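Q: Could you build the full structure based on these sequences and the hints that come with them?
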Amino acid sequence: MGKKKKRSKKDLKRIFSEQFQSTVRKSRIKECLHPKKEKCSENIIKAHSIQNNKVLSKLSKNGNVIMPIPKSDNPFQLLTEYGRKRATVFTGFCGHHDQMFSPIEDGDFNYEIKQVFLYIYRAFAIEYHRKMEGVKQQQEMKKFNTDSIIDDFLLGITLAKRDMEKDKELFDAAILKNEFNILNYVVYNFDKEIRFAATGFLTPTDDLQGNKIQNLSDFEAKMSNLYFSVFPEENKSYAIVAALKNDESLTDYITNLKGLTQEEQINFINYLIIKGTENLVINPDAWYALTEEDKESFNYSFAQIEDFLDCPLTKDIKLKIKGLIYLIYEIDSLLIIRIQIGMMQTLHY
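Heads up: the sequence shown begins at 44 in the working numbering, then just goes up one per residue.
Hints listed in this document are in silico derivations from the structure and should not be mistaken for laboratory results. Don't take every hint at face value.
Stated by the list, open to error - With a straight-line Cα cutoff of 25 Å, these simulated PhoX-like cross-link-like pairs (lysine-lysine) come out: (1) K73 <-> K209; (2) K157 <-> K101; (3) K220 <-> K179; (4) K235 <-> K89; (5) K89 <-> K204; (6) K97 <-> K209; (7) K211 <-> K80; (8) K209 <-> K104; (9) K79 <-> K220.
Small disclaimer: the values here were computed from a predicted structure and weren't measured.
A: Here it is as structure tokens:
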């Protein structure tokens, strides 16, 4: 028998890309998450998780924005241009029930409890929908790869989906009862328009003083989540951070967030974005103004952030890091990436 021909890097890249596209296609879920299923319209739509008319239109250039999500035909390129119509969309609502978000699509933010609920519910919805698809995707990946790491990913995402199902029960009940005061939350406002927007969630393991509040290795326990939405609006910017009132382990966490200075607020939101989401849209001018080195650093931060160990956030915003932490914020109308480098070094802000 002849020697088996070694595949080239180009062939391996093509095979991986084809497998990736296949798993993405087979993992798609079209399902309205609204609890009133009997009132659903016929078609599930590509619903925006960040306001299209108010926010994406403001951030886009020539109809495009930048997102840290690779497209299925090029899984090796992380930062990618997306058309405004495709950016932040997910198939998680029917056309009828997507209209529930009209108070935040059409009206200015006014701190009303229902508006806060809708911002946070929308942030929850896309993350829960991604967990649903993520479970399917890992199951598909097992057909191509029998490595135990796939089982680890599948276990982790299955547990996260289970925990978010508990959150969904509370969101659903609030919608059905039309009673929206179910959140502990804080709203930060800044007197400048940022050139990005984001939604996401984080499962904190430590409080702001670095004390342990929940243990991710306790598979039986339901984990408590922070949900957030960050967006520009008419010469201002807002960040909403919330937890369900039922998640009492985060009650003091939210209370402590209310006591941060504005600089600490900015640093905390930066931390949330880099740690808790890929649902981030960036203005193209802001992105392309960065140096190639900063772009590569940003790519690396999103690709590697989960490898960093021991990252408690203390009251005075000290981040103990191993490797790199990248903070995103807006100064003088330019998106800046502040890079701090250290090995188990404590950073003071």
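Q: Mind listing which of the numbered hints don't hold for this structure, in increasing order?
A: Of the numbered hints given earlier, those the structure breaks are 3, 4, 6 and 8, listed in rising order.
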